[in-house]
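Line by line, the protein sequences are chains X and D.
Following our numbering, the numbering of the first sequence begins with 1 at its first residue and continues without gaps.
Following our numbering, the numbering of the second sequence begins with 1 at its first residue and continues without gaps.
Keep in mind that the hints were calculated from the coordinates and are not lab data.
C-beta: ideal position from N, C-alpha, C; glycine also.
One should not assume that every hint holds.
[Claimed, not checked] Cβ-Cβ distance ranges computed for the label pairs, FRET-style:
hint: 1; chain 1: X; residue 1: G16; chain 2: D; residue 2: D96; range: 24 to 30 angstroms
hint: 2; chain 1: D; residue 1: L115; chain 2: X; residue 2: N18; range: 31 to 37 angstroms
hint: 3; chain 1: X; residue 1: I44; chain 2: D; residue 2: D71; range: 26 to 32 angstroms
hint: 4; chain 1: X; residue 1: G16; chain 2: D; residue 2: L84; range: 29 to 35 angstroms
hint: 5; chain 1: D; residue 1: I60; chain 2: X; residue 2: A108; range: 38 to 44 angstroms
hint: 6; chain 1: D; residue 1: L30; chain 2: X; residue 2: G16; range: 25 to 31 angstroms
hint: 7; chain 1: X; residue 1: Y69; chain 2: D; residue 2: Y50; range: 25 to 31 angstroms
hint: 8; chain 1: D; residue 1: Q41; chain 2: X; residue 2: I44; range: 14 to 20 angstroms
[Said to hold, decoys possible] If you want the ones that stay clear, here's a sample from chain D, every Cβ over 10 angstroms from chain X, calculated:
hint: 9; residue: Q11
hint: 10; residue: G16
hint: 11; residue: Q17
hint: 12; residue: S27
hint: 13; residue: E44
hint: 14; residue: N52
hint: 15; residue: Q64
hint: 16; residue: G72
hint: 17; residue: I79
hint: 18; residue: R80
hint: 19; residue: L84
hint: 20; residue: L102
hint: 21; residue: E103
hint: 22; residue: Q104
hint: 23; residue: V114
[What the hints assert, rightly or not] Computed from the model, here is a short list of chain D residues facing chain X with C-beta under 8 angstroms:
hint: 24; residue: Y31
hint: 25; residue: V43
hint: 26; residue: F45
hint: 27; residue: R69
hint: 28; residue: P108
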Amino acid sequence: GIQVEQSPPDLILQEGANSTLRCNFSDSVNNLQWFHQNPWGQLINLFYIPSGTKQNGRLSATTVATERYSLLYISSSQTTDSGVYFCAVDQYDYKLSFGAGTTVTVRA
Amino acid sequence: EPEVTQTPSHQVTQMGQEVILRCVPISNHLYFYWYRQILGQKVEFLVSFYNNEISEKSEIFDDQFSVERPDGSNFTLKIRSTKLEDSAMYFCASSDTSGGALEQFFGPGTRLTVL
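Produce the entire structure from the sequences given, and follow the hints as far as they go.
So this is what it looks like as structure tokens:
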């Protein structure tokens, strides 16, 4: 099956800092989503981004499908940004394969 | 904004007991899914459901598991005889798929604890 690798595995930020999270995938995909898992375990949809660039407030994402990677940018980080960020891809079969996640800790 | 809902939020059961996890997908969505996440691990696909039948299932989804859409709004996951290793967070998701839209929307999860 498809391999989804996220880096870095852990990230510690000072409040106000910017950061970039990366997701590499091993084959072509027709869906890519970014999620934030909050401390209560809920998965929050951040982006549906099989290709191109999107922005939502302080977050933005870029997927370069031909090179099989996606980036999630967090700008001016806040403590509420803490949690685990997951990348997930779908290979034309309606089932998402998740990466192992990046655990982000934002310190005040 | 429409959202996927799940009940209960937390379920505690004894090993060997049957459990039913309930989900109400977004109303105009056609594809439904169950995923699970064992504590500290990544989210894993269990099963997808379309047009009242299973579309895809993973190796995890063995004979102990079943899914059903008993009416026009609910989507359920049944675990027939729970094992300790079934303890996990179970997520329901749904997607529209019309017009090529593939985004899956997840519910808040049910945390299942098997004692």
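Practice task
Evaluate the condition: distance from the CB of V114 (chain D) to the nearest CB of chain X exceeds 10 angstroms.
Solution key: holds (17 angstroms)
>> Against the range 29 to 35 angstroms, how does the distance between the Cβ atoms of G16 (chain X) and L84 (chain D) compare: consistent or not?
In response: With Cβ atoms ~44 angstroms apart, the hint is violated.
query = Hey, does G16 (chain D) actually stay past 10 angstroms from chain X on C-beta?
reply = About 25 angstroms separates G16 (chain D) from the closest Cβ of chain X, which puts it past 10 angstroms; holds.
So is N52 (chain D) really clear of chain X, every C-beta pair being over 10 angstroms apart?
At roughly 15 angstroms from the nearest Cβ of chain X, N52 (chain D) sits farther out than 10 angstroms, so the non-interface label holds.
Is Q11 (chain D) truly not at the interface, in the sense that its beta carbon sits beyond 10 angstroms from all beta carbons of chain X? Its Cβ never comes within 10 angstroms of chain X, the nearest being 14 angstroms, so this holds.
If you take the shortest Cβ to Cβ gap from V43 (chain D) to chain X, is it below 8 angstroms? holds (4 angstroms)
Q. Is the gap between the beta carbons of L115 (chain D) and N18 (chain X) within 31 to 37 angstroms?
A. Since the Cβ atoms of L115 (chain D) and N18 (chain X) sit about 45 angstroms apart, the hinted range of 31 to 37 angstroms is violated.
Q. When you look at the beta carbon of E103 (chain D), is every beta carbon of chain X farther off than 10 angstroms?
A. violated (4 angstroms)
**Prompt:** Is the interface hint for F45 (chain D) satisfied, with its Cβ closer than 8 angstroms to some Cβ of chain X?
**Reply:** For F45 (chain D), the interface hint holds, since the closest Cβ of chain X sits about 4 angstroms away, which is under 8 angstroms.
State, for the Cβ atoms of I60 (chain D) and A108 (chain X), whether the hinted interval 38 to 44 angstroms holds or is violated.
Cβ of I60 (chain D) to Cβ of A108 (chain X): about 40 angstroms, so the range 38 to 44 angstroms holds.
Requested in this report: Just tell me: holds or violated, for the beta carbon distance of Y69 (chain X) and Y50 (chain D) against 25 to 31 angstroms?
Outcome: holds (30 angstroms)
**Interface exclusion of Q104 (chain D) relative to chain X, criterion Cβ beyond 10 angstroms** = violated (6 angstroms)
Comparing the model with each numbered hint stated earlier shows that hints 1, 2, 4, 6, 13, 20, 21, 22 and 27 do not hold.
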